[in-house]
Each structure stands twice: as structure tokens, then as C-alpha cells.
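Q: Sequence:
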Amino acid sequence: MTDKKRRPRGEGGLHWDDRRQRWIASVTVGYTPDGKRIVRRASDRSKTRALVKLKEKVRDHEDGLAVGPGNYTVAEAVRYWLAYGLNGRDAGTVGNYRILAEKHIIPRLGARKLRDLSAEDVDKWLAEKAAELSTRSLRLIHSILNRSVRNAQARDKVKRNVVALCDVPTGRQGRPSKALTLAQAEAVLNAAEGAALDAYVVLSLLVGARTEELRALTWAHVDLVGKPDAEPPVPPTVMVWRSVRAGGDTKTRKSRRTLALPARCVEALRAHRRRQDAARKAAGNAWQEHGLVFASRVGTPLDSHNVRRAFRHILAKAELPAADWTPREMRHSFVSLLSDSGVAIEDIARLCGHSGTAVTETVYRLQIRPVIEGGATAMDRIFPGTGTPL
-7 MTDKKRRPRG
3 EGGLHWDDRR
13 QRWIASVTVG
23 YTPDGKRIVR
33 RASDRSKTRA
43 LVKLKEKVRD
53 HEDGLAVGPG
63 NYTVAEAVRY
73 WLAYGLNGRD
83 AGTVGNYRIL
93 AEKHIIPRLG
103 ARKLRDLSAE
113 DVDKWLAEKA
123 AELSTRSLRL
133 IHSILNRSVR
143 NAQARDKVKR
153 NVVALCDVPT
163 GRQGRPSKAL
173 TLAQAEAVLN
183 AAEGAALDAY
193 VVLSLLVGAR
203 TEELRALTWA
213 HVDLVGKPDA
223 EPPVPPTVMV
233 WRSVRAGGDT
243 KTRKSRRTLA
253 LPARCVEALR
263 AHRRRQDAAR
273 KAAGNAWQEH
283 GLVFASRVGT
293 PLDSHNVRRA
303 FRHILAKAEL
313 PAADWTPREM
323 RHSFVSLLSD
333 SGVAIEDIAR
343 LCGHSGTAVT
353 ETVYRLQIRP
363 VIEGGATAMD
373 RIFPGTGTPL
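Using our numbering, you'd call the opening residue of the sequence shown number -7 and step up by one each time.
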């Protein structure tokens, strides 16, 4: 009888599995409180590789690192995070993240096993996307992937998050925001007269409210009379306190502001209220009262597509290229028109609901030319040059 060498205690076992056609290596690494063995296993067609994999698992166990399933993919991690990692987020935000993930992340990286995903894979993916996406979009898809892998890491699906090691490259130059000239703004205002969103356009251009703030504006926050007999008199006002964002808040706490209404805004809002009263009567029982200033024909909230479509009809009537403009650029036009009139940037920032001038200067830097150039103009008056170029 031939003596078989017994493997030393702790080395575990190794056997060939005919059904799976693989070598199975296993070892006991400890015991549960109720006495059951804790076993780590690894398999491969090669005996040597099976043992190497087992040693890695034992090392991870000793280091306190749980080992997730080897077939868990990037797509599964991303979809899990989209389904369970965005509680409390606005449905529109979740929908936008899902579209970006399905279009830009999953087709390229989704089939990759999460444990095999490398920083080099992510670098190459970002470099490819940089040729078609703006820097902002690149940062967003990187954030989605990063947060998905971090979520998987917290649930012991992977040992580390390689996405966090990768920098976001510079993407394609995005379309810069524009501002209407005074003549163009006047043409748009004239073209809007009588349209369903006449007052919407007037408030955007003359008050500078964000498009998501106007869509959430209620009549309870509009005072078309004011207090003319008060000392000093209180003009008609609009309270920009709400937004279509999650929770109904404005973009920031300091975005809440009460603004005096120019006479043209008061006229437009009064005409708009008369049209809305007529629409309410025409709708009858179909009308759904939400108290909104800007609503559909049956009183329901408008979405961004409704506004964009109506805005483009007005632009076409004003003989401006509708595809080149967006509703948010009316706010840029508001800043530009005030700046061209010599209004100080501090005052513009307050009217825009910014916490300070830094945001105004950064976001609307193309619309505050007179303010930026004002210092040089003053210095030319103080220290007049010879007129001879250097």
C-alpha cells in the first residue's frame, strides 16, 4: 500500500471537478461563533492559477477585505446605484443620470467585471468621451461611475475604487451663452405680445428670474398693486421664493428675493391673468387649480419642453434664429442690458439672487463688459496716454 502524502494543516485541499472541468482549491480560514467552518474557494483550469487565486482570497481575508463575486459587472454596479443610491433626488435628476449611464457608461464599460476594472480602462474611456462631450458632461459621467463603484465598494463587491484615481480631461468646448442686444430684446418683447407666454418672456427679460423659478411662480407671490399710499410707497412686486427643483426651493437660500416690477411687467401680468381666467372658464371641470401664474390650458404645471417650444415660436416671429437661443439666455440678456446701462455688478448680483459678485462674474462674464472695462476707462481719464502704441 502506497503512502499518500497528507497536505499540512491549513493548506486546504485541491481537487479536479469533472463537471466543471476546473481545479478547485479550498481552505478553512476560521469558524463562525456557532462552530461552522469559514471556507474560501478558488477555481481555474490551471492547478497553479487556482492555488494563486486561493492565496489572494486568504490574504484578503486576513487583511479584513471581503471578496465580492467575481462575475459582478460595472453595469450591475451602476444600475444598482441608480436604483437605490439616489433616494430623495428629483425624478428629473435621476432620469438624466440614467440616460447618461445607459448612453455613455454601460455600452463601453458595462460588460467589464468590476473586480477587473482598472484605472487605465477608465482613463481610456474618458479620453474617448472627451472628443464628443463637454468638460461638464465628462465630469458628470465620471461622477456617476465613481459614485456607483464607491457604492459597490461599501457593499463588499470590490476592494477599491479605481475611478477615484482618474482625472477628468478637458472636453469639447461647449456652446457659450449669448445675450440679446437691446434691439433684439425689444423685437422679442414685441413678438411676444398676445402670446400665451407673453408675461413669461417679459419677466425673464425685465426681472431676470430663472426659467425654473418662473415655472413655479404662484399668484400668491405676485402683488400687482403695491402700497402707493405708504411712506415711502411700495411698488408692485414679485416674490421669487420657489422653484421647480426638488422640495420646491430656489437654487440657494440667498436666491430668495422680492423684486420690484417694472410697469411693463405689471401690464403683461394683468393681461396674462385675464387670459388665464378665460382659459379657466373654457376648461370647466377639466381645470386643475395649482395657483400657478404660468400653467397649461387646464392649469397644470408647464415643463421645460412647453416653455422652449413656445419661446421658439416667439423668436421666429421676431425673425431671430430660434435654434440658436434658449429660454435661460433671457436671464443672460437681463444681466447684459443692466450692465450696458451702467448698473453696478453688486446690484446685478442682488437682482439675480447670487450670494456675491463672484458667481455673477463667473457665470455671466460675457455679459458684464462695461463693468470689467470701467476701471480701464477711468484710468484713461486720469492718466491720458500719448495715443502712440507701444
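Since the hints were made in silico from the structure, they are not lab data.
Since we're looking at a predicted model, the values are computed, not measured.
Please note: incorrect hints may appear among the correct ones.
Below are the BS3-like pairs computed for lysine-lysine, each with C-alpha atoms no more than 27 Å apart in a straight line [said to hold, decoys possible]: (1) 105 x 95; (2) 149 x 39; (3) 95 x 45; (4) 105 x 116; (5) 105 x 121; (6) 149 x 49; (7) 170 x 47; (8) 28 x 149; (9) 47 x 28; (10) 121 x 39; (11) 49 x 105; (12) 170 x 149; (13) 45 x 28; (14) 39 x 170; (15) 121 x 170; (16) 149 x 105; (17) 170 x 49; (18) 105 x 47; (19) 116 x 170; (20) 95 x 47; (21) 47 x 149; (22) 151 x 116; (23) 105 x 151; (24) 28 x 151; (25) 45 x 151; (26) 149 x 45; (27) 95 x 121; (28) 151 x 39; (29) 28 x 49; (30) 39 x 49.
Q: Take the hints in turn and mark each one as holding or not.
A: Hint check:
1. For a cut-off of 27 Å, the pair hint linking residue 105 to residue 95 stands: about 19 Å separates their Cα positions.
2. Pair hint residue 149 plus residue 39 holds up; C-alpha atoms about 26 Å apart against a cutoff of 27 Å.
3. Using a Cα cut-off of 27 Å, the hinted pair residue 95 and residue 45 is violated, with the two alpha carbons roughly 35 Å apart.
4. For a cut-off of 27 Å, the pair hint linking residue 105 to residue 116 stands: about 16 Å separates their Cα positions.
5. At most 27 Å may separate the alpha-carbon atoms for a hinted pair to count; residue 105 and residue 121 meet this at roughly 21 Å.
6. With a C-alpha separation of about 13 Å, the suggested pair residue 149 and residue 49 falls inside the 27 Å cut-off, and the hint holds.
7. The hinted pair formed by residue 170 and residue 47 fails the criterion: a straight-line CA distance of about 61 Å is larger than 27 Å.
8. Restraint check for residue 28 and residue 149: satisfied, since their Cα atoms lie roughly 24 Å apart, inside the 27 Å limit.
9. Taking the CA atoms of residue 47 and residue 28, the gap is near 21 Å; set against the 27 Å cutoff, the hint holds.
10. Between residue 121 and residue 39, the direct Cα distance comes to roughly 41 Å. Violation of the 27 Å bound is thereby established for this hinted pair.
11. Distance hint between residue 49 and residue 105 is fulfilled; the C-alpha atoms sit about 17 Å from each other, no more than 27 Å.
12. About 46 Å separates the Cα atoms of residue 170 and residue 149, which puts this hinted pair outside 27 Å; it is violated.
13. The straight-line distance between the Cα atoms of residue 45 and residue 28 is roughly 23 Å, inside the 27 Å bound, and the hint therefore holds.
14. Our distance criterion of 27 Å between C-alpha atoms is broken by residue 39 and residue 170, whose separation comes to about 66 Å.
15. Between residue 121 and residue 170 the alpha-carbon distance is near 26 Å, which keeps this suggested pair within the 27 Å criterion.
16. Of the pairs offered as hints, the one joining residue 149 and residue 105 holds, with about 11 Å between alpha carbons and a cut-off of 27 Å not exceeded.
17. For the given pair, residue 170 sits about 58 Å from residue 49 by alpha-carbon distance, which is inconsistent with the 27 Å threshold.
18. Note on residue 105 and residue 47: the hinted pairing holds, with a Cα-Cα distance of about 20 Å set against a maximum of 27 Å.
19. Our distance criterion of 27 Å between C-alpha atoms is broken by residue 116 and residue 170, whose separation comes to about 34 Å.
20. Under the criterion of a C-alpha separation no larger than 27 Å, the hint pairing residue 95 with residue 47 is inconsistent with the structure, at around 39 Å.
21. Of the pairs offered as hints, the one joining residue 47 and residue 149 holds, with about 19 Å between alpha carbons and a cut-off of 27 Å not exceeded.
22. Only pairs whose Cα atoms come within 27 Å are accepted, and residue 151 paired with residue 116 is accepted, the gap being roughly 21 Å.
23. For the given pair, residue 105 sits about 13 Å from residue 151 by alpha-carbon distance, which is consistent with the 27 Å threshold.
24. Proximity of residue 28 to residue 151 is assessed by CA-CA distance (about 25 Å); at most 27 Å being required, the pair is judged to hold.
25. The straight-line distance between the Cα atoms of residue 45 and residue 151 is roughly 15 Å, inside the 27 Å bound, and the hint therefore holds.
26. The hinted pair formed by residue 149 and residue 45 meets the criterion: a straight-line CA distance of about 17 Å does not exceed 27 Å.
27. Between residue 95 and residue 121, the direct Cα distance comes to roughly 11 Å. Compliance with the 27 Å bound is thereby established for this hinted pair.
28. Of the supplied pair hints, the one linking residue 151 and residue 39 holds, its CA atoms being roughly 25 Å apart against a limit of 27 Å.
29. For a cut-off of 27 Å, the pair hint linking residue 28 to residue 49 stands: about 19 Å separates their Cα positions.
30. Restraint check for residue 39 and residue 49: satisfied, since their Cα atoms lie roughly 16 Å apart, inside the 27 Å limit.
Against the hints set out earlier in the document, violations occur for numbers 3, 7, 10, 12, 14, 17, 19, 20.
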